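Asks: Okay, here's what each chain looks like letter by letter:
There are 2 protein chains.
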Amino acid sequence: MCQLLGMNCNVPTDICFSFEGFSARGGKTDDHSDGWGIAFFEGKGCRLFIDAKASISSPIAEVVRCYPIHSTHVIAHIRKATQGEISLENCHPFRRELWGRYWVFAHNGDLPDFHPQSMGFYHAVGKTDSERAFCLILETLRQRFPEGQPPVKELYLALREITDLISLYGVFNYLLSEGEHFFAHCSTKLSYIVRQAPFAAAHLIDQDVTVDFQELTTPSDRVAVIATTPLTDNEVWTQIQPGELLVFQDGLPLKFD
Amino acid sequence: MCQLLGMNCNVPTDICFSFEGFSARGGKTDDHSDGWGIAFFEGKGCRLFIDAKASISSPIAEVVRCYPIHSTHVIAHIRKATQGEISLENCHPFRRELWGRYWVFAHNGDLPDFHPQSMGFYHAVGKTDSERAFCLILETLRQRFPEGQPPVKELYLALREITDLISLYGVFNYLLSEGEHFFAHCSTKLSYIVRQAPFAAAHLIDQDVTVDFQELTTPSDRVAVIATTPLTDNEVWTQIQPGELLVFQDGLPLKFD
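If you're matching them up, the sequences are chains A and B in order.
Basically this note's numbering = 1-based index in the first sequence + 15.
Basically this note's numbering = 1-based index in the second sequence + 15.
Heads up, a few of these hints could be off.
Since the list gives no way to pick out one identical chain from another, each pair is judged satisfied if it fits inside one copy or across any two copies.
[To be verified] Okay, derived cross-link-like pairs now, DSS-like style, lysine-lysine, Cα gap no bigger than 25 Å in a straight line: (1) K59 - K95; (2) K142 - K59; (3) K59 - K43; (4) K168 - K68.
No lab work stands behind these hints: they were computed from the structure.
Bear in mind that the values here come from a model prediction, so they are computed numbers and not experimental data.
Pulled out of the complex, with its shape left as it was, chain A reads as follows:
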């Protein structure tokens, strides 16, 4: 299994604090040490860092921890291999283009016996169930909306449908974004917290680090952090319900059910 970390905000924000705690789970406070990755959207642009090394010993993870990259949509992943060997092409997040936007996807779970027939366009490069699921999602959306990206509600409903289908194969917690919307699906385990004014101090579980967000924010900032398990021990995190698909926008979860 693996762990997921996501962030969605109404203003570009750095993820240094959360990534500090999260990346410790990649070999220090937990054993998700078979690679890691993180994607940052900046407008339509997207940076993707991946490494087959453990996140605690990766020089690139060190840059991500220390060099504040400001972004409104971030997806990170630390890997404990279940399917597919430890190699770069099997590291999440995965990225493809659809409708002239980059789409980024990371998965926590296991989908045994999930081998969908390729329907034409998107092919997995690596050997993970996760990348195959991502390809099927994009293929489905492309076929459903060949003219381009639909309004978010239609997109949500189509995604809901294909997500339910894939979930029949196993555990399918995931984060998905195209830099505008931020989807979070809970199959078994996924939590989030929304930080907004009045901001307070937060203390990491995995490292003895405290940040006082009041010193770093303006009153209108809003930041949602989504993670497999809570990253802080002095805040109240909300568990997403199994089977629930949320869309975050500007740091707030929406639902269309």
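Add chain B to chain A, keeping to what the hints say.
Replies: Using the frame of chain A, we list chain B on its own:
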């Protein structure tokens, strides 16, 4: 305009030395300071670092200069914007998936009035002529070989054809790779050098740095470095002829004309 740097080797090699000189042109010894990027293949996996900052002041470029990433296929680019604003989505190299492999592309030149109709699959995310040209190349290859990747000679001939067509629009020097083959097209300016035994010392033009490759190599190593202009001042570089498309494999250029 921009500058290109590529490397193709028969064993995974780091590009620290060449990138040291090349990245100096991104704001220090030359003015290509509107962003930079570099892609490294490791097997089928591919890392891509891009930044809209100048390469001399980018913390991520610093990691690339100092942290030896070993790869057989590397494509790098420093940008001086001609079309498309200075932003992350306009930074080269660009990456897409075709036939279950990542393809990476970087362009030096300018293609005024190049606005091909989208033929269906690949859409540019940014606003550059370069990304549009890359999308057209992949679209053409996909349509020509819908069953999957053909033998290299057929691939070369198809690429030759679409390259000639796009070259009618302007200056189209480019590097293209899917991690197995390495294509280099010269429209106006592109040089290469093949380093192999007996190895000697090389001295950069853009920085006062010398490396003695004999100390770092084994006798069977072979490395081709391709660049817009030579990076060293004590070696003989070969100019690729305008209109020529080379394929490098294991550090050697092949031709199929």
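Asks: Could you run down the list of hints and mark each one as holding or not?
Replies: Verification of the supplied hints:
{"no.": "1", "hint": "K59 - K95", "verdict": "between (30 Å within a copy, 20 Å between copies)"}
{"no.": "2", "hint": "K142 - K59", "verdict": "between (28 Å within a copy, 11 Å between copies)"}
{"no.": "3", "hint": "K59 - K43", "verdict": "neither (34 Å within a copy, 29 Å between copies)"}
{"no.": "4", "hint": "K168 - K68", "verdict": "neither (39 Å within a copy, 36 Å between copies)"}
Checked against the numbered hints listed earlier, the structure breaks hints 3 and 4; every other hint is satisfied.
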